[in-house]
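Undergrad: These protein sequence lines are chains A and B, in that order.
Counting in the working numbering, the first sequence runs without a single skipped number right up to 1635 at its last residue.
Counting in the working numbering, the second sequence runs without a single skipped number right up to 353 at its last residue.
Treat the hints with caution; some may be incorrect.
Listed below are the simulated SDA-like cross-link pairs for lysine to any residue, each with C-alpha atoms no more than 20 Å apart in a straight line [to be verified]: (1) B:LYS191 <-> B:ILE153; (2) B:LYS191 <-> B:ALA245; (3) B:LYS191 <-> B:ASP107; (4) B:LYS191 <-> A:ILE1313; (5) B:LYS191 <-> A:ARG1588; (6) B:LYS191 <-> B:PHE113; (7) B:LYS191 <-> A:ARG1323; (8) B:LYS191 <-> B:GLY255; (9) B:LYS191 <-> B:ASP246; (10) B:LYS191 <-> A:GLN1629; (11) B:LYS191 <-> B:ASN251; (12) B:LYS191 <-> B:LEU244; (13) B:LYS191 <-> B:HIS243; (14) B:LYS191 <-> A:ALA1459; (15) B:LYS191 <-> A:ILE1586; (16) B:LYS191 <-> A:ARG1419; (17) B:LYS191 <-> B:ASP108; (18) B:LYS191 <-> B:GLU240; (19) B:LYS191 <-> A:ASP1627; (20) B:LYS191 <-> B:GLY250; (21) B:LYS191 <-> B:GLY281; (22) B:LYS191 <-> A:GLY1632; (23) B:LYS191 <-> A:GLU1506; (24) B:LYS191 <-> B:GLU219; (25) B:LYS191 <-> B:LEU131; (26) B:LYS191 <-> A:ASN1542.
Partial pick of chain B residues on the chain A-facing surface, computed with a CB cut under 8 Å [what the hints assert, rightly or not]: (27) PHE113; (28) VAL167; (29) PRO171; (30) ALA176; (31) SER186; (32) LEU190; (33) LYS191; (34) THR192; (35) ASP197; (36) LEU201; (37) ARG295; (38) ARG328.
Since the hints were derived computationally from the structure, they do not count as laboratory data.
Think of the CB as a built atom: it goes at the ideal place given N, C-alpha and C, for glycine as much as any other residue.
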Amino acid sequence: MSVLDRVPTENGDLALLAGVCCVLIGGLFAVTPLRAQLPSALYVFVEVGILFVIYGLLVLGLDLQYGHTGLVNFGHVAFFAVGAYGTAMLSAQDTFAGIGLGYPWPLALGVGVVAAALVGLGVSATSIRLRGDFLAIVTLAAAEILHSIFVNFEGIFGGNVGILGVPRPIAALVSDADTRLVATLLVIGGITLVALAGITRITSAPYGRVLRAIRADELVTRSVGKSTVTYKTQAFVYGAALAGLAGGLFALYNGAVAPGFFTIQVTVTVWIGMLLGGAANHRAVLAGLAIIMGLRLISRFALDVTPVSSDVFASIRLIVVGLILVAVIRYRPAGIWGDAQELGVDR
Amino acid sequence: MSLLSADDLVKEFGGLRAVDGLSVSVDAGELVGVIGPNGAGKSTMFNCISGVITPDEGAVTYDGTEVTGDPPEELARRGLVRTFQSTRELKTMTVRDNVRLAAPDQPGERTLSALFRTESMQAAERSVRTRADELLATFELDHLADEYSGNLSGGQRKLLELARTLMLDPEVLMLDEPFAGVNPTLTDEIADRIRELNENGMTVVIIEHELETLTELVDRLIVLQQGRVLVDGQPEAVLSDDRVIEAYLGGGV
């Protein structure tokens, strides 16, 4: 099937429509006295849901980089962290540690995204020409370096405490906790849907065809006149900017950032989600992420009913995740919804 | 004046001089064959000329300007297009997408056009699709258009690669062993197609071992040996040259 036929363009537009609606409804909660009520049992679902839509932006960016262009980025969390710290440091007021400049949050969010994109540009300027596995090492190292910078430059980044006192725009408008959670989920979820629409559009256009050609064979793509370095850099920077946006939104939702939120665990989660769902299929990677995060949620409940200590249980959870990965690699190497032929994996 | 020329090219790999002071020149509209024993430097010459590797010494001139070391994408956009010895189709893409990819000047290959799905992108894509389907029909691949190209047979891959390069509407087409692994009927078909392209004004350079078809096809034959030009001339004259018989067809004949 051809590119334009394969991903029905209506899909992207549906996501766009749904995204805008979500943002509007979320906004409605914020600016009108309209209130939502959540049964207390649902709290945890909404909270994990918010984290899911934030991570959703991460996995979409990663899918553009790896799923479509074949760039192995093992340091995705770095761009998430840069976006979060950039936003937090520009907007925080009266932070306990580190720098807080107290600028308005929309400006801070913009700066966070641009900062993440610039770091992405820096990494790709030095390393994008490297072959897949070497790029993986560079990105992994870059993420570790950034992580220790955030921990060790206490005067600037607040060390292990991080940056506190980040404004929470939705919390500022909605005092009631239930409504606040629902509105946050709707607004950030809407933004993720709009991002999904945008990514779907560019990957279903001839632009995406060039990206997939680079993944298949870079030399051939060059020999038919495409400047592959430009495309690889763009894909990397767009993914980094999306991660930066996710970081900024996270900071503005959470009201604080600290190195503990930006460990390699984040990178691992989005990678597993992407591979589980099926790389190069945007909805599939989101679904894969939902599965892996849902599993965490279920296991939280399961802990209450199993007769083991939480330490043991944490290990069991890792074993389960590992078994699922083994099963997927064995039986669905292209991911649950992935196309084995398109990804070039042997069945 | 020659359209494409290489002067005193030298390329070493480790201690091996793959190309050693090689000079060739091709005029616009020519159909030139390149032969030589294995390791004579044919593919290295192609790689140097098409920008895949940069020669250690020497200069490549195309269409009046020096292009030594220019990247392949730049040369492809200027009309110098090549194929590869072992076919390099994009296995994870469909046959049609393989061909459509090569379309030049598609505004939809820029982010903003793609994001806003501009009318110019859609118009361009419609004509790209028509052109790609025409090419696929010409090469009798139209029934496989939606098949992943990794599923094609060796001969079909050769055809696909040719169709893909033609999408670029090249000035100069450099074919590296277009008949290798292709059955005789298909070989004749590809040869006819090449002749047709050449008659319509395309300059074609072919590396090939299949001498029978090649000598019938080309206007001029260049024989390489040990990184240099051994003989350059009319096919009949070249093939009866003693040095060529010695070097290529086997001594003592």
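Undergrad: Each hint should be assessed against the structure and marked as holding or not.
TA: Results of checking the hints against the structure:
1. B:LYS191 <-> B:ILE153: 24 Å, violated
2. B:LYS191 <-> B:ALA245: Holds, because 13 Å separates the two Cα atoms, which is no more than 20 Å.
3. B:LYS191 <-> B:ASP107: 36 Å, violated
4. B:LYS191 <-> A:ILE1313: Distance ~45 Å between LYS191 of chain B and ILE1313 of chain A Cα, so the pair is violated.
5. B:LYS191 <-> A:ARG1588: Given that 20 Å is the threshold and the Cα spacing comes to 43 Å, the pair is violated.
6. B:LYS191 <-> B:PHE113: 30 Å, violated
7. B:LYS191 <-> A:ARG1323: 54 Å, violated
8. B:LYS191 <-> B:GLY255: 15 Å, holds
9. B:LYS191 <-> B:ASP246: 12 Å, holds
10. B:LYS191 <-> A:GLN1629: This hinted pair holds, its Cα atoms lying about 8 Å apart.
11. B:LYS191 <-> B:ASN251: 8 Å, holds
12. B:LYS191 <-> B:LEU244: 13 Å, holds
13. B:LYS191 <-> B:HIS243: Judged against 20 Å, a Cα distance of about 17 Å means the pair holds.
14. B:LYS191 <-> A:ALA1459: 51 Å, violated
15. B:LYS191 <-> A:ILE1586: Violated: LYS191 of chain B and ILE1586 of chain A sit about 40 Å apart, past 20 Å.
16. B:LYS191 <-> A:ARG1419: 19 Å, holds
17. B:LYS191 <-> B:ASP108: It is violated: about 37 Å lies between the C-alpha atoms, which goes past 20 Å.
18. B:LYS191 <-> B:GLU240: It holds: about 19 Å lies between the C-alpha atoms, which stays within 20 Å.
19. B:LYS191 <-> A:ASP1627: Holds. LYS191 of chain B to ASP1627 of chain A sits at ~13 Å (cutoff 20 Å).
20. B:LYS191 <-> B:GLY250: 4 Å, holds
21. B:LYS191 <-> B:GLY281: 18 Å, holds
22. B:LYS191 <-> A:GLY1632: 7 Å, holds
23. B:LYS191 <-> A:GLU1506: 12 Å, holds
24. B:LYS191 <-> B:GLU219: Violated. LYS191 of chain B to GLU219 of chain B sits at ~30 Å, over the 20 Å cutoff.
25. B:LYS191 <-> B:LEU131: Answer violated: LYS191 of chain B to LEU131 of chain B is near 30 Å, above 20 Å.
26. B:LYS191 <-> A:ASN1542: The hint is violated at about 45 Å.
27. PHE113: Hint on PHE113 of chain B: violated, closest Cβ of chain A at ~17 Å, above 8 Å.
28. VAL167: 14 Å, violated
29. PRO171: Given a least distance of 7 Å, the restraint on PRO171 of chain B holds.
30. ALA176: 4 Å, holds
31. SER186: 11 Å, violated
32. LEU190: 4 Å, holds
33. LYS191: 6 Å, holds
34. THR192: Nearest chain A Cβ about 4 Å off; hint holds.
35. ASP197: 6 Å, holds
36. LEU201: It holds, given that the least Cβ distance between LEU201 of chain B and chain A is near 5 Å, below 8 Å.
37. ARG295: 23 Å, violated
38. ARG328: 26 Å, violated
Hints 1, 3, 4, 5, 6, 7, 14, 15, 17, 24, 25, 26, 27, 28, 31, 37 and 38, counting from the list given before, are not met by this structure.
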